[in-house]
Amino acid sequence: MIAELGQFALILAFAVALAQSVLTFIGLRTADPAIHGFARAGSIAQFVLMLTAFACLTVLFAVSDFSVLVVAENSHTDKPFLYKLTGVWGNHEGSMLLWGLILTAYTAALALSAKPVEARLVSLTFAVQSLVTAAFTAFLLFTSNPFARLWPSPMNGQDLNPLLQDPGLASHPPMLYAGYVGFSITFSFAVAALIEGRVDARWARIVRPWALAAWSFLTVGIALGAAWAYYELGWGGWWAWDPVENASLMPWLAGTAFIHSLRVMEKRDTLKAWTILLALMTFSLSLAGTFLVRSGVLTSVHAFAVDPERGVFILGILIAVIGGSLALYGLRASHLKPTGVFSEVSRESTLLINNLFIGAACALVFFGTFYPLFITTVSDETITVGAPFFNATFNPMMGVLFILVPVSGMLAWKRGKLKPVLRKLMPALVAALAAGVLALWIADRTRIAGALGTALAMWVGIGVLIDIAQRLKLGDIPLKASLSRAMNLPLGIWGMAVAHFGLAITVFAITGVSAWKQETSAFLMPGQSLQIAGYTVELDDVRRFDGANYVAEEGRFAISRGQRDLGELVAERRFYPVRQMSTTESAIRTRGTGDLYISFGEPSRERGWPVHVYIYPFAMWLWIGSAILTLGGVLSIADRGRRSLTARKTADTTDAAREVTS
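Sequential numbering from 1 applies to the sequence shown in our numbering.
Just so you know, the hints here were simulated from the structure itself, not pulled from any lab data.
Hints may contain errors.
[To be verified] Straight line, CA to CA, 25 Å or less: simulated PhoX-like cross-link-like pairs of lysine-lysine:
| hint | residue 1 | residue 2 |
| --- | --- | --- |
| 1 | Lys424 | Lys473 |
| 2 | Lys480 | Lys424 |
| 3 | Lys414 | Lys480 |
| 4 | Lys337 | Lys414 |
| 5 | Lys419 | Lys337 |
| 6 | Lys417 | Lys480 |
| 7 | Lys424 | Lys414 |
Just so you know, these numbers come straight off a predicted model, no measurement behind them.
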């Protein structure tokens, strides 16, 4: 009965979404004022219905109802309760239902927050958003039904993929989807603006909080996925340029460019056509990532779908969304005339260059990800585009971009002066050069990339601090007055500074774990040890025990450095009998200067257990930098000047005055 209730809710959600979209377009064409209220009510109804369907599927997993196909294929009675719940989205059907739930949640949030300031624009946005919802709900109903029955029902299920039975997977997919799907709102706003024929600074002010929210969620989702790969997969890495990883990186890059472009448009009413294009492409790349993961063209822990019918359906949605939106853009882009002008040396110019570099980097990732798939599709050849390609092309492009970050933040709008800015940034340049030389001297003189990465991180970090010091007039006025300026500085400015500082920390951490990592491997019997970077890692003992739905070997390692005992680390190797799969639970000793990382594998009777030990300098700063980066986005959302949908029309003047002071 619960499955049928969920199925019925899903059917109603599809009907409401389709009806709302069609009737809203018709009502707006006839200028019927009642259509605005109908659009808001329909958006909330869609969310309630999708929430009902998702709740029904959650209950089915919680009670282990194996008469439902997706539960039988992805659950087991012995599985811990937490993973019964995360199993809801640890499969193709459930993950797409989660996608639909988050999609309608964003639409409902817009319905609850929007005031009748821009009623026609918002109603058009509802109509476009409902079309997207109808498409994905149809995909669920016709090709990926999460409530399909299985008869006869088995006594037990096939269990969830062991790699997904991890606390990180309880939060990674929802956060990632909240980022992916969040850009649907900005996409719908862009299409609505093209239909309406009016794109201006107010539109940018309305859209920017939604873009920042989606970008912040996506940042957290990518960081959680990287952390999960780091400690769960046992290979010691956090990023491998895997197509699934690239699928999340591409919309993040496009979203970063979009946020910066929105800032220019909001402030100077220019770059209109470019900003709208970025809004369309960011969500299109999110859909492309969905196709990549859910169509079955990849074999990955993330790639759940194997039915070609599903891939064709998603491809159809992809073509309709991208083709339709770009066709509309082609018809309307010529009407998006900018009113703001700027000189070659200005903040607008540097932000435009920023956009171009990010766009080029995104195109490189897109090419490196999809080209091998294209070759495999049209021929029998199989080619691989891996880390060497991306490191040789993507990284230098990002390096040039990072050079511009401090300069852009300190240049004036419309017409700036480069020499005074460079003079103010001279301490950052000196610190960057010193850090690079020091990195060459202390770490490894043969690894130039490490020195360059350290110098760039220092350049960005110190540059951000100098920018804030200039805004607060530190040293030029009494400290109390500087603190007063700090309290009155808009949150948008603080958000920018915090995000850029988080970027500097992340670049520094990436440099450490990539350029200066060390590793060694050996077969060890209990009592034997190996050496790495001054550490002694001794295998004390190996114990076997039974878990809830697995059997495990637990390796206990005594760690010492010189004469100092550093305690014990415990690594595991688990075997899941139902799935006939093994996983690794790595042992990690985390310190500010770096991680000592240990994993061990299946033993050899003659030689013992294969033990892999890695040293990753500054690894913990990857997660700290990502958190600070996200905090910058959250602070920018909280900026009072961005709350345009809940503000009165008269707030525009106040917002403009606040921006002048920044």
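Next item on the list: Hint by hint, work out which the structure violates, then give me just those numbers in ascending order.
Entry: 3, 5 and 6
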